[in-house]
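2 protein chains.
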Amino acid sequence: MASINDIGVAAAINIVTAIAFLLAFAILRIQPVNDRVYFPKWYLKGLRTSSIQTGGFGSKFINLDFRSYVRFLNWMPEALKMPEPELVHHAGLDSVVYLRIYLLGLKIFFPIACVAFTAMVPVNWTNKGLDRLKHTNISYSDIDKLSLSNIPNGSGSRFWVHLCMAYAITFWTCFMLKREYKNIALMRLQFLANDERRPNQFTVLVRNIPTDPHESVCELVEHFFKVNHPDHYLTYQAVHDSTKLSELVQKRKQMQNLLDYNINKHMRTQSKRPIIKMGFLGCCGEEVDGIKYYTSMVESLTREISEEKQRLRTGTKSIVPAAFVSFKSRWGAAVCAQTEQSRDPTEWLTEWAAEPRDIYYDNLALPYVDLKIRRIIVAIAYFFLTFFFMIPIAFVQSLANIEGIEKAFPFLKPLIEVKFLKSIIQGFLPGIALKIFLMFLPRILMEMSKFEGFVSTSSLERRAASRFYMFQFINVFLGSIVTGTAFQQLNRFLNQSANDIPKTIGVSIPMKATFFITYIMVDGWAGVAGEILRLKPLIIYHLKNSFLVRTENDRDEATDAGTIGFNTSEPQIQLYFLLGLVYAAVSPILLPFIILFFALAYVVYRHQVINVYNQKYESAGKFWPDVHRRVVTALIVSQLLLMGLLSTKGAHKSTPFLLVLPVLTIGFHMHCKCRYLPAFVTYSLQATMIKDTLERTREPNLNLKAFFRNAYAHPEFRVGEDLELEMAVEKPDKTPELVSTKRGSWRNTPLPSSKHSCPYSP
Amino acid sequence: MASINDIGVAAAINIVTAIAFLLAFAILRIQPVNDRVYFPKWYLKGLRTSSIQTGGFGSKFINLDFRSYVRFLNWMPEALKMPEPELVHHAGLDSVVYLRIYLLGLKIFFPIACVAFTAMVPVNWTNKGLDRLKHTNISYSDIDKLSLSNIPNGSGSRFWVHLCMAYAITFWTCFMLKREYKNIALMRLQFLANDERRPNQFTVLVRNIPTDPHESVCELVEHFFKVNHPDHYLTYQAVHDSTKLSELVQKRKQMQNLLDYNINKHMRTQSKRPIIKMGFLGCCGEEVDGIKYYTSMVESLTREISEEKQRLRTGTKSIVPAAFVSFKSRWGAAVCAQTEQSRDPTEWLTEWAAEPRDIYYDNLALPYVDLKIRRIIVAIAYFFLTFFFMIPIAFVQSLANIEGIEKAFPFLKPLIEVKFLKSIIQGFLPGIALKIFLMFLPRILMEMSKFEGFVSTSSLERRAASRFYMFQFINVFLGSIVTGTAFQQLNRFLNQSANDIPKTIGVSIPMKATFFITYIMVDGWAGVAGEILRLKPLIIYHLKNSFLVRTENDRDEATDAGTIGFNTSEPQIQLYFLLGLVYAAVSPILLPFIILFFALAYVVYRHQVINVYNQKYESAGKFWPDVHRRVVTALIVSQLLLMGLLSTKGAHKSTPFLLVLPVLTIGFHMHCKCRYLPAFVTYSLQATMIKDTLERTREPNLNLKAFFRNAYAHPEFRVGEDLELEMAVEKPDKTPELVSTKRGSWRNTPLPSSKHSCPYSP
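Going down the list, the sequences are from chains A and B. Position 442 of the first sequence, counting from 1, maps to 442 under UniProt numbering, and the rest follow consecutively. Position 167 of the second sequence, counting from 1, maps to 167 under UniProt numbering, and the rest follow consecutively.
Heads up, some of the hints might be wrong.
Note that the list lumps identical chains together, so a pair holds whenever it fits in one copy or between two copies.
[Unchecked claim] 25 angstroms max Cα-Cα, derived DSS-like pairs, lysine-lysine:
1) Lys226 - Lys328
2) Lys622 - Lys45
3) Lys244 - Lys673
4) Lys265 - Lys622
5) Lys536 - Lys616
Hints listed in this document are in silico derivations from the structure and should not be mistaken for laboratory results. No experiment lies behind these values; they were computed from the predicted model shown.
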C-alpha cells in the first residue's frame, strides 16, 4: 500500500513527464516543418496550403522567430477561445458534443470534490479505525486515513455522512446529466433545423426488398413506393455490388498517382522525360517513357471503369436487394422512415438514411435472417472474448519463453544467453502478447460490429464503443478490484448470493484507491499529454514525407490525421466517470486526480478538434444517449458497491436507504429516455414540415431530382465520376496542380457549412 | 405423500363432481325458463326474443319434450360444430383466439405426453432410487416411482434420457408456439383486411395537447393537424369532461325505466292508472299519477341533459387536452399513429385509437408527468401487494378469532359457545379473509391498471392479466413448492447464490407432483364444469327475474352475461402451461390431467363463447403476444428448474447441455418478436393503401365526415342522442315495446358483421 509520499513521488514523475510532453509539443508545433502534423485539418479543409514562414534562411523548416518561443503556451487559451457555435461550424456537432463529455466530467466532479473534502474527509480523518491494524501485517497509509476504511466497524452514526454524500452525489449527477441531455437534444434539434439541404434529409434506406420472379429490384422499388407513397415518392437509387469496380478504381488511383509523380519530375527536370523500367520492382526490364506509359494505363483503366459502370448500370444482376429511396419532401421521408411498410415485418425495412459519407456499403445487402444469425454469433463471440481472452494469450505466453525460442531458433541461443538480453526477454515477452491483444482489441471489436451488419460508420463506432466499455468494465475495473481473470470472477459470482457480490467487491474498493490513482496518472495524464504531442504521427509523417510522398495527393494522404476515434476514446473517458463515482463516497482523494484529467483532456482535445482531427461523418451527436446510459450505469454500480461496503462495515441500517438510490436512478434513466431519446432517433413531422415549407417559399422551382442524382451512389462510382469529369475537361499533361482538386473527393469533403473563413490560425 | 390409490380416489370424486355438474347443466339448459341464462348471447344479439317452447301446459317454464332429455349431451358436438370462420363472425376474433390458447395446450402437451410415457416413464420406473427411503421417515408413493425422484443420485447415463426429453420438449413447444403465432398474426391481418369500414381505422388518439394562452384546445388541434398533415387531415372530436352529464343520464335512465314499468302496469290493468306515493320508499306521502309524474321527470331531465350538452359543446372549459383526430384515409391515420409529431416528445402523443366501445374515457385527460408518476406508484404498490399481501390478512385473521368476537359483541357469547358453531367459526374465520382477498384480487389489479392510465379496456385487461399471472406464479406456484410467504422466499433467494436458487426449487418439485394433481382436478376440472353450469348467474338471474325485473330493459340487463374475463381466465390457463412444462420432464404423470383439463375447457368455453359471453370490444387478438411471452417464460422456468434438479442429482455433466436451452429459447423469443409482433402493434402502409384504394373505387362519393360524426363522443353523449331521437319521433304513451329498441344501445351493439342469421340454435 502506497503512502502519501509514494503517491507524491508518482505524481511528481507523471507531472514532469506530462510537462515535458507539453513543452516538446509547444516547441515542435511552431516549426514549419511540422505544420502538417499539428494542423492537418486546415490543410484538408483547404484553408491553408503551405506553412506560415517567418522569413530568413531555413525558415521553411525551422522557426527562427524567437518571440514565438516566448508565447509557447499560447495554444491553450487559443484552443479555448473559439466559441461553441463557431466550433460547430468548424468541426461539426459530433466533435462539440464529444468535448462536452469532458466538460460534463468537470461539472459533475468539481462540486462533488468540494463537498467531499469539506464534509467527508474530516469525518474519515478523525477516526482511528485503521489504528487497530498497526500491530497486524496489513499495511495502510495516510491516504487510507482519508477514506472510509478509517472508520471503525459499527460506528453507525458516522456512516450517515457517507449516506448523505451518496444521496448528494446521485442527485447532483442526475441533475447534471439531465441538464446536459436536454442541452444536447436542443443543440441537435437546432443543428438539424438550421442545417442546409442534404440528400439524407429526404432519403430513406430500404432493405430486404423481397425477390420477385417477374420484376427486377428496381422495378419493385419503383412500383412499391409509387403505390404506397403516391404523393411523396420521388426517385430511388439502387445499390450495386461493386467489388470489381472498387478494384479498378483503386488501381487507377495508383496509376494516376504515379503519373502525377512523373509529371512533377518532368516539370522539375524539364529537359528529359522520365524513364521507367517494366521489370521486377521497376529495377530491370524494358525501358519506357513514364508519362506516356502511365497516361495510357490511366486511360485504359478509365475505359475499363466506364465499361464496368455501364455493365452495372444496365445489368440487373449486380443490384442488391437494398435501395436509397428519396422523397419530394422531408415530411415524406420522415413518414416512410418511421412507419411499417409491409405486412411482413421482415420485408421492406425502412430507416433514415445516414449521410452518404457515413454509409457502410458492404453491409447493405445482408438479408434479414443473416442479420439475426450474425447478431447471435457476435454475441457469443463477444462473451468468449470478454471472459476467456486470457486463454490464448496465456498459451502464446507459454510458447514465447526463453526455452521455446531457443528450441525454435537454435542459432539465437548465444545471443539470448547474454544476461542483459535474457532478462529483457523474460520481462518483456510474457507481457507482449497481452499488449498486442489490447492494442488490437478496438479493431477486433470494430470488425465484430462490421460483421454484425450495421450500415453506417457511426453506428459501427457506437456499437464498438459499447463493447469496449463492457470489456474495460469487466477486465480493467472489476479485474483490478477482484483479482483473477474475468471467467474466475464470473464463476465466483455465480456461486455467491446476490447479496454477497456487492460485498465482495465493495470490501476491496478502498484498498485499491492508490492503484487507481497511479492508473489515472499514467493512463490519463500521460496519455493526454502524449495525445497532444502526436509522437507517432509525427514520426510516421516525416518518414512518409521523406521516402514515400511523391505527389501532392500523397502528401495529403500523409497529412490526414483521421478522426477522433469515438470507439476507443469514449470508453476510456467512461472509465474515469466510473472511478470517480465509485470513489467519491469512499476515497475522495481520487477526485482531484480525475478532475485534473478531465480539465487537461478538455483543453487538449479541444485543440485537437480544432487543428487536427477531421470527422469523416456528421451524426449530429447521435451518440449522446450511449454516453448518458453509461454514466447512469456507473452511478448504479457505485451505489451497489457502496451498499456492499457499508453492510460489511456493520452499518446494516443504511442498506434500505441505499437501496432506494438505484431504484431512483433507474427511474431517472427511464424518465430521460422517454423525454429526450426520441430527439436522437426520430425526426418529428412538425420539424420536417417547417423546413419543407421554408424551402418551398424560398426556392419554389427547385429541381430535387437533380439534387439526388448519384448522391448515394457507391463511393467508387462517384470517385470515378469526378475523374471522368476531369479527364473530359482537362488534358492530363497540363498541370500537376490538377490532382489537388481530388482532395475534395467523397471521403474528405468538408461540411459545406464550414466553408466560412476561420479567424483562428495557429 | 399420496399413493396412487389416494390419487385415484381424489380423481374419482372430482370426476363424479364434474359429471354431476355436466348432467345438471344438460338438464337445466333445455328448460325454457333458463333459456336466458344459458343462451344470453342470442338474446343480446337480437337473434332470439323468446325461449323455444315445446307446447303443452307449463311448457313455458319446463321442458316436457322427453326426447330432448335423451339427447342431453348434444351440446358438446354442437359447440364443436361451428366452423372457425363463422365463429369469428359470430363472436369476434378475440374469442376465437382465446379458444386457441386451449387448443395450443392440447397441441403442445398431447405429443409430449405420448413421448414421455413411452420413453421416460419406463426409465424412471425401472429404478430403485426411492427404495433407500424405505427405512427412513420420508414417505413416498407409487406415483413418485414414475418420476425422476426414483433415479438414484449419480446414475449419470439415465439422466441423458431426461436431457433429451428436455430438448424434445423445448423444440416441440417452440415449434408449436411459432406456428400458432404465425397463424394468429395471419388471422389478425386477414380480419383487419376484411373488416368493414370502422371509425377506428381512420382515427388516431392524440394526447397531451399542449396548452396555449391564445388558442383553445380545439383550435390548436385543428391548426396543428392542418399544418402538419395538410393532405390527410379530415376532422377531430374533442373529449369532454362529462361527469355531470353522466350523472344526469344515469338518473334519466332510472326514471325512464320506472316510466316503462308504470306504462306496462297500466297496459295490464287497463282500467285504473298507476298511483305512486312521493314519501319515503314510496310507502307514504302524497299520491300522484305514476305515468304523468315519471313522464314529466324524464322530460325535465332530458331538458337538463340537452342544456348540459349545449354547455359542453359551446364552452371550452370542460374540454380535456386529448382528441380523436380522423383522417381522410387509413393511410393518413397509420402515418400519424406511427410517427413522432412534435419536437417535444411529451406533447402531441399519437396512437391508434381503439374501437369506440373499447375506449376508457376516464383516463384520456391524464397529463404526461402524471402518467409516469402513476406508473411508479403502481409498480411499488404491486410489489408490496405481491410480496406482503399476507400481512394485513394475518392481522385481520388475528382479530377475527373467537375471543375477539366475544369481546366486541358480548351478547353473541352464548351462541358462540355452542361447540358445533365454535368449531365452524374456528375453522372458517381464518380462511375467510384470504378467500375474500383472492376473490377481489382481479378487481384490485384492474383498479391498479385503471389508475395507471391505460386508455382502452382491452389494454387494461391485458395489463391486469399479466399482473395476475405474476401474482399466481409467485404465490401459487413458487409458494406451493417453496413453502413460506413470498417475502420469505424473496429474502431467502437474495441470500442464496444465483446457482442455488434453481436447486432449492428444483429439489422440491418432484415431491409436489401429487399436490398439483389434486390442484388441477379441483381448480381445473371442477372449475370448468362449474363454469358451464353457471350456478351463480342462474340463481342471480332467477332472483332478479322474480323480484327486480320490471321492464324488458331490466330483463335485458339481467340477461347480460358479461365477457369472458380475459384478465382472470388467461392467467389461470397459463398456470397449467407452467405446470405442464415444469413437470413434463420430471413427473410426466401430471400431463394426462392437464390434457384432460385443456380438452374439457376447450369444449366448455367454445360453448360459452357461442351461447353465453358477449365481448364488449374487439381487439382482433391483440393479446396473443402476451400469451406467447408467458408460455415462453414458463418454458425457461422449466428449463432452469430441471437444471437445478439434475445438478442436485449428481448429474453435473448435464448442466452445460441444459444451459444451452434457455439461451436458445430466449433467441427463439426474440426471433418471434421481430417476426410477428409488428402485426399486433402497427398497421402497415401497404395494407392501409390496399383498403383505401378498394374503398375509393367502390364508393367514390363517400361522405366520411358524416361517418365520423359523434363516433367517438363520450358514451353518455351518444346514449342521450338515441333517446332524444326517440323522444322526438314517438309519443311516450304509445307502446311499451318502444323501450326494447334501446337494447341496441352503445354498450351492446352487436358487431355489424355478425348480423347474419346463425344456423345454430340450441
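So, going through the hints one by one against the coordinates:
1. Lys226 - Lys328: both (12 angstroms within a copy, 19 angstroms between copies)
2. Lys622 - Lys45: Within one copy only: 24 angstroms inside, 55 angstroms across.
3. Lys244 - Lys673: Answer is neither; intra-copy 44 angstroms and inter-copy 38 angstroms both fail.
4. Lys265 - Lys622: neither (47 angstroms within a copy, 75 angstroms between copies)
5. Lys536 - Lys616: Classified as within: same-chain Cα gap 21 angstroms, cross-chain 73 angstroms, threshold 25 angstroms.
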